[in-house]
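A.B. asks: With the hints as constraints, model all of the structure from the sequences given.
Listed below are the residues making up each chain.
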Amino acid sequence: MRPILMKGHERPLTFLKYNRDGDLLFSCAKDHTPTVWFADNGERLGTYRGHNGAVWTCDVSRDSMRLITGSADQTVKLWNVQKGTQLYTFNFGSPARSVEFAIGDKLAVITTDPFMELTSAIHVKRIAGDSTEQTEESVLVIKGPQGRINRAVWGPLNRTIISAGEDAVIRIWDSETGKLLKESDKESGHKKTITSLTKAADGSHFLSGSLDKSAKLWDTRTLTLIKTYSTERPVNAVAMSPLLDHVVLGGGQDASAVTTTDHRAGKFEAKFYDKILQEEIGGVKGHFGPINALAFNPDGKRYGANKNSLLIYNLLMELDVVVCCVSNEPCRWKVEIYVLSCMFAATEFLFCSGLLIILTICVLQLNSFSSGGEDGYVRLHHFDPDYFNIKI
Amino acid sequence: MAAEVMLMNEIEATAAQMGIDMNIDFSSIQLPPGENCGIISDDDDVYHDDQLEFDSGFGNVIVVDNLPVVPREKFEKLEGVIRKIYSQIGVIKEDGLWMPVDPETKKTLGYCFIEYNTPQEAELAKEKTHGYKLDRAHIFAVNMFDDFDKYMKVPDEWAPPEIKPYTPGENLQKWLADEKARDQFVIRAGTDTEVLWNDARQSKTEPVYKRTYWTESFVQWSPMGTYLATVHRQGAAVWGGANTFNRLMRYAHPQVKLIDFSPGEKFLVTYSSHEPSNPRDANVRVVINVFDVRTGKMMRDFKGSADEFAVGGAGGVAGNSWPVFRWGGGKEDKYFAKLGKNMISVYETETFSLIDKKSLKVENVVDFSWSPTDPIIALFVPELGGGNQPARVSLVQMPGKEELRQKNLFSISDCKMYWQSNGDYLAVKADRYTKTKKSTYTGFELFRIKERDIPIEVLELDNKNDKIIAFAWEPKGHRFAVIHGDNPRPDVSFYSMRSTHNLGRVAKLTTLKGKQANALFWSPGGRFIVLAGLKGFNGQLEFFNVDELETMATAEHFMATDVEWDPTGRYVATSVTSVHEMENGFNIWSFNGKLLYRILKDHFFQFLWRPRPPSFLTPEKEEEIARNLKKYSKKYEAEDQDVSMLLSEQDREKRRMLKEEWEKWVSEWRRAQEEEKLERQKLRDGEASDEEEEYEAKEVEVEEVLDVSEEVLSFEE
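Keeping their order, the protein sequence lines are chains X and Y.
As numbered in the UniProt record's numbering, residues 1 to 392 make up the first sequence, in order.
As numbered in the UniProt record's numbering, residues 1 to 717 make up the second sequence, in order.
Source of the hints: derived by calculation from the structure; they are not laboratory data.
Ideal placement from N, C-alpha and C gives every residue a C-beta, glycine not left out.
Heads up, some of the hints might be wrong.
[What the hints assert, rightly or not] Beyond 12 Å from chain Y on every Cβ pair, some chain X residues (computed):
#	residue
1	Gly8
2	Asp23
3	His32
4	Asp63
5	Ala72
6	Ile103
7	Val141
8	Leu181
9	Thr198
10	Gly252
[What the hints assert, rightly or not] Stretch-level coverage of chain X by chain Y, calculated; a stretch enters the list once three of its residues show a Cβ under 8 Å from a Cβ in chain Y:
#	stretch
11	146 to 160
12	184 to 191
13	218 to 229
C.D. replies: Put into structure tokens, the structure is as follows:
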């Protein structure tokens with residue numbers, strides 16, 4: 001399907017985030033206004049005005065009520081998602097690079113850049129249920145890693161914090177005491193700045209992307225290196241499909257080094273890899289600059305359920321060739337059956353000697369991923385049915 | 001500017017307050033030599049280079065003997081005389097002249113040491129002043145300081161040389177006996193140089209040998225693939241061996257820049273140019289050495305100014321086209337020749353001297369080339385006297401210097417010669433002025449060397465005004481390809497020297513219109529050609545079968561800069577070298593344009609297939625094999641099948657392993673997830689919904705017998 005080009009930002013994109021339901025997409029850019037979009041049609045829902053600098057990152061609470069954004073204006077702001085109003089502002093002495101709500105949304109981890117005489121730091125703030133009771137003070141401040149910390153996320157049960165940044169080392173900290181628990185191996189780990197880090201839906205493993213032209217998959221609890229995906233360009237952004245065993249890497253030549261006339265030279269494609277086999281399976285072109293942000297619609301996860309397959313199977317018995325589709329509108333399930341029409345479904349039949357074997361039934365619609373680039377555009381890609389039939 | 005001035009004023013004011021004298025003459029501050037206050041100079045690399053050279057010995061020091069012995073009073077006068085003589089030749093280092101004095105008599109000892117800036121100057125000084133007559137009694141004897149050691153070591157009594165037991169050398173051709181009949185290639189990326197097997201069956205490479213900093217500038221295979229030559233500051237070296245690469249021989253040549261093997265790889269020509277150390281001396285000095293590859297012995301050296309070695313009299317280093325010496329006479333390495341002013345100097349390798357002790361005099365000759373197989377030189381003399389004397393191309397047989405054939409050409413602007421690889425044909429591309437002399441058009445003069453009287457045929461393109469972009473003979477064949485027309489979509493035409501009706505006439509086979517190509521690469525076996533659009537065309541490739549006149553495949557290797565066929569004509573390598581920043585690496589294709597594999601390497605400099613020596617099979621035998629190819633290929637096809645079976649088996653196995661391993665992780669995660677479920681709920685104030693628990697992906701396989709029918713089939717015997 002044609003991607004939906006979402007024009008709204010005036011400067012390079014920095015971060016993308018879907019809410020849990022997958023109906024909203026939050027985007028951050030170097031212009032000062034984070035924006036929220038409808039995730040299915042790319043319509044702009046609203047903006048959050050108030051920052052006075054590039055917005056590097058955001059996160060949205062589980063109930064999609066509150067948004068937290070980190071900005072180069074040295075503040076981290078809490079917003080009311082629905083109304084777009086500011087609830088609270090944390091002030092720091094240096095730009096905030098990454099934010100994430102903990103499980104339960106009662107804590108947030110924030111990283112700040114080295115600035116003037118300040119070194120980089122990881123802050124843990126308590127987020128009050130009622131924003132009028134919100135306080136400035138940090139529960140914990142961790143200092144130590146050299147250079148910028150590009151990303152810090154919560155480990156399982158909020159017990160650990162995983163950080164990665166310019167020194168190319170992934171560290172796991174105790175979120176209670178701030179003690180360093182584990183460090184990635186210099187040999188097997190990244191060689192250059194780690195630009196992005198994203199967790200799997202269940203938080204059991206995470207993917208890190210680095211300027212050393214590779215992405216690596218790690219176990220969250222033991223920090224064991226599981227997979228390495230090598231590519232041919234620096235990786236700025238990584239994402240994992242919640243549905244299939246696919247990972248997506250985005251990046252490209254550094255924006256300042258783009259001098260070639262042909263956009264292919266810059267490698268601005270989003271590249272799909274098989275998560276298990278570590279092999280490249282495809283690419284999605286489109287951007288005119290490096291890809292800075294990638295996100296998968298988490299909603300796709302729900303369609304993975306095959307409990308409907310029996311129902312569908314019964315229908316198949318009556319019709320010669322039936323292509324089925326389960327479409328979803330938020331909060332409601334609807335089963336639609338299309339006779340002899342291929343719209344969004346992907347089913348595979350095999351007739352052999354009178355036996356009908358249904359190999360796989362993937363019932364999907366509206367599963368999508370989005371990418372944000374240096375060119376200031378967000379591209380929203382809905383998957384074609386073929387995507388779910390990739391065999392390698 | 002104003003701000004800066006202000007600043008300076010402030011500084012001065014402050015300085016005055018503090019009683020500091022700001023009027024320091026910075027040029028008067030001299031650091032002790034060798035002291036850099038811990039600041040590394042930007043030029044350090046340069047210095048370092050020089051230092052290395054000096055440290056390697058006293059190559060820049062000469063010893064002048066047979067000087068007059070003078071008392072102390074005359075010391076300075078003598079020193080002045082010597083300095084005057086020797087500073088004419090080169091720059092003597094500060095304190096570079098040392099004349100020792102007898103501590104008792106205070107008289108000089110009759111010799112002195114002079115240290116120059118460079119070994120080249122020292123050598124020149126030795127050459128020029130050895131035997132210099134200061135007066136009747138004092139004839140200078142000049143030696144290199146380094147040589148003294150050598151002379152001192154000569155034993156007084158002659159000892160019979162020790163006879164070393166014969167040790168059989170390694171089989172340098174062993175790579176040809178590879179069981180899988182694979183070919184090797186060398187790549188250079190970053191600081192690593194690597195020799196690899198092209199294992200096309202398995203779509204990968206297999207390492208042979210790898211070395212970091214193997215060479216300082218480039219590597220080069222010898223023409224028959226026996227040696228790999230590396231280039232270093234001190235000289236060149238060749239490597240080879242049965243299973244790995246050992247250094248076989250070194251060839252000392254300081255600051256060697258270029259090397260060239262003779263076609264039969266008996267000799268190695270090395271080249272270096274040296275900037276004059278004396279700025280008044282505008283001539284760049286050039287040193288060319290010819291070595292015997294196997295013994296390492298220097299057979300001949302040529303020294304002179306760059307002008308003497310500049311081809312076509314263009315002058316300067318830029319006008320110097322390599323190789324200066326071109327080898328002729330086929331694989332026997334009998335002759336080599338150099339273009340000079342109004343002459344071609346042809347040397348023969350038995351004595352390393354000019355044939356008949358004199359050069360071949362040809363007024364105004366500007367270009368020449370050897371037949372690849374025979375000792376025949378084709379030379380070109382441009383038009384003279386404003387067209388009164390026509391340009392000509394002539395063929396000269398060596399060593400007799402007889403003119404075999406000559407052709408006068410009129411109103412020629414430029415001319416290029418292309419030999420067919422067997423020396424059967426010579427194509428001369430002649431650019432002619434149109435009548436108005438405002439533009440040029442191109443025609444070809446085709447010489448049939450092997451036929452009686454060497455008939456010449458003139459070929460003009462259908463559209464005379466087409467520009468010629470590329471020309472290439474089919475190796476060992478009788479066809480050639482031409483890219484002509486205008487960018488961006490020129491045409492490609494194929495011609496055959498044998499038309500169907502008349503063996504003695506050239507005929508056009510076909511013209512392909514509007515191809516994105518600017519370079520032609522024939523398969524070494526002929527028949528197939530790659531039409532490549534390099535540089536401006538982004539690496540378009542078309543694999544074309546000239547026998548059938550059909551395109552086998554079109555492909556693209558984005559940004560490709562180089563295309564090279566393997567020596568057997570089975571595979572093609574296309575590479576993107578570091579002229580581009582991105583995409584560096586190479587692709588290996590089959591002859592019919594199927595991409596086999598692709599390897600990316602940053603800072604990719606070189607890709608070279610290891611050449612193979614010519615086959616020992618007679619043409620008849622080769623033809624017989626070609627005729628019965630089916631019979632021979634059966635065995636290999638079976639092998640191919642086995643390998644691909646094995647590969648897919650291995651692949652399956654690998655995937656199964658990976659999947660299993662992954663499953664293990666997933667179940668581990670699921671277990672941990674389950675364990676932490678309650679705690680997670682607590683963190684979420686009791687909210688239970690973890691979607692990953694609510695829905696579980698299950699693969700359901702349903703199998704049902706729809707219909708069972710029985711049919712009676714009759715069997716036929």
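A.B. asks: Determine for every hint whether it applies to the structure shown.
C.D. replies: Comparing the hints with the structure gives:
| no. | hint | result |
| --- | --- | --- |
| 1 | Gly8 | 29 Å, holds |
| 2 | Asp23 | 14 Å, holds |
| 3 | His32 | 33 Å, holds |
| 4 | Asp63 | 9 Å, violated |
| 5 | Ala72 | 29 Å, holds |
| 6 | Ile103 | 5 Å, violated |
| 7 | Val141 | 22 Å, holds |
| 8 | Leu181 | 16 Å, holds |
| 9 | Thr198 | 16 Å, holds |
| 10 | Gly252 | 9 Å, violated |
| 11 | 146 to 160 | holds (count 3) |
| 12 | 184 to 191 | violated (count 0) |
| 13 | 218 to 229 | holds (count 3) |
The earlier numbered hints that this structure contradicts are 4, 6, 10 and 12.
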